[in-house]
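Chemist: With the hints as constraints, model all of the structure from the sequences given.
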Amino acid sequence: KQEVTQIPAALSVPEGENLVLNCSFTDSAIYNLQWFRQDPGKGLTSLLLIQSSQREQTSGRLNASLDKSSGRSTLYIAASQPGDSATYLCAVSRVDSSYKLIFGSGTRLLVRP
Amino acid sequence: DAGVIQSPRHEVTEMGQEVTLRCKPISGHDYLFWYRQTMMRGLELLIYFNNNVPIDDSGMPEDRFSAKMPNASFSTLKIQPSEPRDSAVYFCASSSPGTGNEQYFGPGTRLTVT
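In order, the protein sequence lines correspond to chains A and B. For the first sequence, position 27 matches number 39 in my numbering, and the numbering has no gaps at all. For the second sequence, position 5 matches number 110 in my numbering, and the numbering has no gaps at all.
Hints listed in this document are in silico derivations from the structure and should not be mistaken for laboratory results. It is possible that part of the hints are untrue.
Said to hold, decoys possible - Once the Cα atoms are required to be at most 20 Å apart in a straight line, the calculated PhoX-like pairs of lysine-lysine come out as:
1) 183/B x 129/B
2) 173/B x 183/B
3) 112/A x 13/A
4) 54/A x 129/B
5) 173/B x 129/B
6) 112/A x 173/B
To be verified - Computed, partial: chain B to chain A, Cβ under 10 Å:
7) 111
8) 164
9) 205
Just so you know, even glycine gets a beta-carbon here, dropped at the ideal spot from N, CA and C.
Modeler: Given below as structure tokens:
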């Protein structure tokens, strides 16, 4: 059974700091991995999608990496801003059910001005 | 595109009442998903459709829950009768193979059952 873990559960950093959010999964037979952002009381916004054949994806100040063999993904946020404060969720889908996303519990990020 | 549209955004109802949540997926997306989010259990997939056909409903908690997709632009999730433990945020999402299966979420419906 696929399990997704995100560490830390919460993170508080000063503005401008570069930071890394971690996601680990127990079954390496994944189809893809997706990082989302969720603001309080809002829906999920897709940030980056990494296919199983890819090693990383970049969008602006965000970079996500994928290491299937070790069951890990990281989301790197460069030069953090207060507007980055949100909960970040990672989700994986399995090869045998590529449309079923299994979510981690998220990392709640606070960027202090 | 307006994105995934859900209604209502908030619903407060009494135990035993029927609740219907609605979703309009992104045009051209042929997969539609219903999720539930609670503090205790996080985000859980309830059911998903492909081309209006239910593919996997193994996440539907019990017979009180039902979902339909009568056409490509509309889906409903119904709870009858509702119970206080159904209180949660319900999200609808859609995707397409053309987007690499990337899922796009609606704003959610916050359901409170008293």
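Chemist: All hints, please: hold or fail.
Modeler: Against the structure, the hints:
A threshold of 20 Å between alpha carbons decides the hint, and for residue 183/B with residue 129/B the separation of about 15 Å falls inside it, so the pair holds. Only pairs whose Cα atoms come within 20 Å are accepted, and residue 173/B paired with residue 183/B is accepted, the gap being roughly 8 Å. Proximity of residue 112/A to residue 13/A is assessed by CA-CA distance (about 13 Å); at most 20 Å being required, the pair is judged to hold. With a CA separation close to 17 Å, the supplied pair residue 54/A and residue 129/B stays within the 20 Å bound.
Note on residue 173/B and residue 129/B: the hinted pairing holds, with a Cα-Cα distance of about 12 Å set against a maximum of 20 Å. In summary, the hint linking residue 112/A to residue 173/B is supported, as the alpha carbons are separated by about 18 Å, within the 20 Å threshold. Among the interface hints, the one on residue 111/B holds; its C-beta lies about 8 Å from the nearest C-beta in chain A, closer than the 10 Å criterion. The beta carbon of residue 164/B is positioned within 10 Å of a beta carbon in chain A (closest approach about 9 Å), and the interface hint is therefore held.
This hint holds: residue 205/B has a C-beta 6 Å from the nearest C-beta of chain A, less than the 10 Å allowed.
The structure agrees with every numbered hint stated previously.
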